[in-house]
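Asker: Sequences listed follow chains A and B, in order. Anchor point for the first sequence: position 200 equals 199 in numbering that gives the first Met the number 0, and the numbering is continuous, going up by one each time. Anchor point for the second sequence: position 13 equals 12 in numbering that gives the first Met the number 0, and the numbering is continuous, going up by one each time.
Simulated from the structure, these hints should not be mistaken for lab results. Honestly, I wouldn't trust all of these hints.
As the list claims (entries may be wrong) - Selected chain A positions facing chain B (Cβ under 7 Å, derived; list incomplete):
1) 24
2) 27
3) 161
4) 173
5) 174
6) 214
7) 215
8) 223
9) 225
10) 243
11) 247
12) 248
As the list claims (entries may be wrong) - Chain A stretches covered by chain B per the calculated footprint, using a threshold of three residues with CB under 8 Å from any CB of chain B:
13) 35-41
14) 118-126
Virtual Cβ for every residue (Gly too), placed ideally from N, Cα, C.
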Amino acid sequence: MRLSWTTKYLLLAALVLGLAVIYFPLLVVLLNSFNADTTFGWPPSSFTLEWWGRAAENEGALNALGTSVQAGLAATAIALVLGTMAAFALQKYRFFGRNQVSLLIILPIALPGIVTGIALNNAFRTILGIDLGLFTAIVAHATFCIVVVFNNVVARLRRMGGNLEEASMDLGADGLTTFRLVTFPMLRSALLAGGLLAFALSFDEIIVTTFTLGTGLETLPIWILNNLFRPNQAPIVNVVAAVLILASTVPVYLAQRLSGDTTSGGRL
Amino acid sequence: MTTTLDSPRRKASAFLYRKPRLRLGILLSAPMLWLGLAYLGALAALFVTAFWSTDVFTGQVVTEWSLNNFVTLFSDAVYRTITLRTVGIAALVTVVTAIIAFPMAFYMAKFASPRARRLLVIAVMTPLWASYLVKAYAWRTMLSGNGVLHWLLNPFGLDTPGYGVLATVITLSYLWLPYMILPIYAGLERLPNSLVDASGDLGARPFRTFRSVVLPVTFPAVVAGSIFTFSLSLGDYIAVKIVGGTSQMLGNVVYDNIGAANNLPFAATVATVPVVIMLAYLAAVRRTGALDNL
């Protein structure tokens, strides 16, 4: 495209500035986790590793980490099964109500989190009479993680078409054998990427979790929120926040390496 | 291959192959039970609850139909102010993100090399997955009285805006920016370069080309991005708690009515407001084709 050099450089400047604004606050949190000053005066006058050591021994934070991992793994497992089934149904068949079904899959993440949160809270407690606990949070997380797996699998199915599966059937393989030897190997990296991103989404979620996790339990984001306004906990909150920033980039990076099927990792 | 032509598995496979409807039914059953029955059921129950009330003395939900909650919501000046403030913040956040995202997406889609483009998409996307709470918290430290913004702006005679509506707009814009960049980037990628060149050949200056060629073609993508920024802002309450000072949004009213006030029916009533606004917005933008850009 021919545009004047001035325009081009102005646009480049906007991009660089935009990315700087995106990453700068995250870097500040990382730096502050080493800031020796407990009120985080800026610029930091001296650095320390003390907060990282204290955080590693903080029982509340460690318990919260455990809860986060359990909820994430269970929700990811459910989302993988349901998301893949839905992806096959919508990608391979044309049927009445197909658009409505795909809207329904996006709905839990498209509606404001607080609506999903209180709807599920109300359903568990008032309608079904189930006490909130880890189980209810897992059900809630699985509900909004389905879309991530679904989007990744749909993108892969769209790209691979159906020729190889038909060839396999023509050569005498039955449905199960075709799935085991042809379809699944081609889907594997998309499933892994979808699973990683679903786990990341569950790990980071806070609003729906607030309304569906039982009292006395905390995930890492809820632990942060509960300790955010306690001044003596501030340095440890900073370390946990820094850990979350670093931890969340790993699955995104891995997922992008495994499958570049969707621009946003299938979150949108 | 150990299976023979008449093995049970083979027969089942052949039977299913002849019955695509049955295969579809099996595939859809579990996801539809989960989402269609459980999730939609929960949503429906919530909206029914909006017409019920809470007994002032026992705190129990009274299952009698009434419009009282809606009357309170519309007649009370406090809720009107909060609704207007919430919609205003959501609209402002949408405009701010669109203005910041467009040039960024334009450079990514039109000037970056294919390799750089892939890296830039990852660079924009990664913070999208970084914890919502951590990002809101990051802005709390940035905006605080002895924080980075104070240190950066002080030499110019300016200061950090502190915690309030402006801080909320900044934080929400920051949080949702990737949701705006990615759809616009995808839209611009589909815009043929030749259209822009043709406009230039016909004598249009860059701004005229932008207004008459680029914007009309990419408008659906901008609207697609706005669906996320607008909807997510309407329902937010945690960012407001962290950087908003005393100015509440609709989400805070919902949250407080569930927690402290223990009035689930009224919380449900307030929660219908963002949902109705979003449905109206979606209906309004349907014709732009934005929904196909999601």
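Asker: Is the hint on residue 24 of chain A kept, meaning its closest Cβ partner in chain B is under 7 Å away?
Answerer: holds (4 Å)
Asker: With a cut-off of 7 Å, does the beta carbon of residue 223 of chain A approach a beta carbon of chain B closely enough for the hint to hold?
Answerer: Holds, about 6 Å.
Asker: Is the interface hint satisfied for residue 173 of chain A? The criterion is a beta-carbon contact with chain B at less than 7 Å.
Answerer: holds (4 Å)
Asker: Please verify that hint: residue 215 of chain A, Cβ, nearest Cβ of chain B, below 7 Å or not.
Answerer: With a closest approach of 16 Å, the residue 215 of chain A hint is violated.
Asker: Against chain B, is residue 161 of chain A within 7 Å by beta-carbon distance?
Answerer: At about 13 Å, which exceeds the 7 Å cut-off, the nearest Cβ of chain B leaves the hint on residue 161 of chain A violated.
Asker: Can we keep the residue 27 of chain A interface hint, with Cβ of chain B closer than 7 Å?
Answerer: holds (6 Å)
Asker: Within the stretch 118-126 of chain A, is the number of residues with a Cβ closer than 8 Å to a Cβ of chain B three or more?
Answerer: Satisfied; 7 residues make the cut.
Asker: Against chain B, with CB atoms and a cut of 7 Å, does the hint on residue 247 of chain A hold up?
Answerer: This hint holds: residue 247 of chain A lies near chain B, its Cβ roughly 5 Å from the closest one there, short of 7 Å.
Asker: Do the numbers back the hint for residue 174 of chain A, that is, is its least Cβ distance to chain B under 7 Å?
Answerer: Because about 4 Å separates residue 174 of chain A from the closest Cβ in chain B, which is inside the 7 Å limit, the hint holds.
Asker: When the nearest CB of chain B is found for residue 225 of chain A, is that gap smaller than 7 Å?
Answerer: Not OK, violated: residue 225 of chain A not within 7 Å of chain B, min 11 Å.
Asker: Interface hint check: residue 248 of chain A, Cβ to nearest Cβ on chain B, cutoff 7 Å. Holds or violated?
Answerer: holds (5 Å)
Asker: Under 8 Å between beta-carbons, do enough residues of the stretch 35-41 of chain A, three at least, approach chain B for the coverage claim to hold?
Answerer: holds (count 4)
Of the numbered hints stated above, those contradicted by the structure are hints 3, 6, 7 and 9, listed in ascending order.
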